[in-house]
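Colleague: These are the residues of each chain, in order.
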Amino acid sequence: MSAGTARLLHRTRCGAQRRGTASIEAALGIALVLIPLVLGVSGVGMALMTANRLDQALQAAVFYAWANPGTPAAWSAQGSSAAAAAGTALAAYGAATPAATVTASVAYYCVSGGYTQVPPAVTSTTTCPSGQSLATYLTVTATASVISLGAPLPAVIPLVVSGTVRVL
Amino acid sequence: MRRSVMGLHHRRGAVAVMIAVMMPVVLGMAGLGVDLGLWQRETVRLQLAADAAAMGAARLLPAQTASASTLQAAALAEANAVTGGAHIGTLNQQPTVTRAANWSTVSVILSSKADSYLSQVLGIAAPTLSAGATAGAIAKPATACVLALSSTAAQAIAVNNMGSITATGCGIFSDSSSATAIYLNSGKLIAQSIGAVGTVAESNSGGNTMTPAGTSGAAAQANPFASLQAPTPGACSYNNASFTAWKATAYQFTQSANVFCGNTTIGGNSTTDTFQAGVYYVVNGNLTFSNAAVTQAQGVTFVLTGSSPGAFSWTNNSSTPASMSAPTTGTTAGILVWQTCPASGSAPANSMSGGSTMQVSGQFYAPCGALNLSNNAQFTAASGSAMGVVASTLSVVGSAGIAATPNTGSGSASAQIVLLQ
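Listed in order, the protein sequences are those of chains A and B. Residue numbering for the first sequence is 881 to 1048, as defined by the numbering used here. Residue numbering for the second sequence is 254 to 674, as defined by the numbering used here.
Relax, there's no trap hidden among the hints.
Lysine to any residue pairs mimicking SDA-like chemistry, simulated, CA-CA at most 25 Å apart:
hint, chain 1, residue 1, chain 2, residue 2
1, B, Lys-366, A, Leu-928
2, B, Lys-366, A, Val-921
3, B, Lys-441, B, Ser-431
4, B, Lys-366, A, Ser-1042
5, B, Lys-366, A, Met-926
6, B, Lys-500, B, Ala-510
7, B, Lys-366, A, Ala-927
Read the hints as simulated data drawn from the structure, not as lab findings.
Take the sequences, apply the hints, and build the full model.
Modeller: Set out below in structure tokens:
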């Protein structure tokens, strides 16, 4: 083997090692940092998107309630109408909203000073003490389970959006 | 060779170092992306919170007593309730609340400092979010006690030639979409509210009184008796009977013979006819009171029914007021005259004419037929009683008048709280 050939071989071997080291580092970097980062960001993005939809479902139920105040007694049935309005808002997004549900419940309180709830809850036919008035509250809860792309996030991200409004 | 070895040492770990150096930038960019999404969500939720806050404050408007700080507290309570206080950033506890001087509206502006997570790595400060809403208290349209149900008729409520309709404490309403749903021509309409699905129109002949001004393009009012089922008559007690012959003693009608089949005429017999309390049926015929002196018809309902119901017709040229009242219980509670709908088409027009006054307690209900008043006939509520007219169409001409009053409580307008913007 001539000296020139040996140098050439040595240089080639060194170059291969260098390239190998860089590849391993790059592979480690991608596997440990970049892929989880991309998975995490897209998972959070999906969760945010679904949370926005739940917010809009809550808004639909709230707007329904404000537009259809009716009577306190009628709200025992209207609560489900409000939930249906929210459900319609969710359905508008089609199957893209994973496993979403909406529930609504109605509660009655006597309120003092025009807005301060006086516990405990009463019924729609209660006569409130002097200086207080009967108020009807609708609570809407929208839930969904987001299937994420996995690590670093949990496989299923549970989301809950809940709000209470006074409707009467 | 030396350069090569140094280069090797230098380059080993270069990718790791590069990743380490780039990490804050990459994390910061990813974090900024996530945070931008979060801020967008918080902006949307803050708007819902502001809507609820304005609604909460507006509920205090009708009482016209709330101080600025009370409005602020009510607004904050609702804003927190609708969002659970979550995902709206850190709410400024001093929202801007502006109330109209006349207590009609209130505006709320909420501001909050957005939550910030990873974007801080890039040194980007969380923005201040802001959302505003206005809500107000509007008067509910009064429940109509004079209601024309026809959805298409022109002049569904027509008041001509010094006719008048007065609805004290309740509304006058036409469900017709016509350009003359309510037509006033030298007449008078006075009510708590006047409205029509179509247009409330007036002639330009002058001499019109309309208080308050009519509202055109309003939402239709439902037939308040739509759910009622008319009772069914038994076998005929009389056929095409006429109770007009002179009689020394009064005609007395009782529940043992209460089904009149065919055209039935009562009156002009110089006696004071009496109806025992209960339901009287007229099957496939007109019920005509002609100069009848009916002073005893308390707790009665006249049901004009059959496959082809006839019309209720009242003529009285004497000056003696007649008095009638509807039953307070049973399937026809509150209804004095009930003309049912024929199998198809409309029912014949009911009429009242002549100079006397009929004072009633109860409703005139003819969902498929007209009610036409003319020639100074007065159809009025008895003192302290509820009286109303629900007919397909309604015409009042020639100094005739209807004076209706609502059931206690039903016509009182209370404020409705609405989100304005």
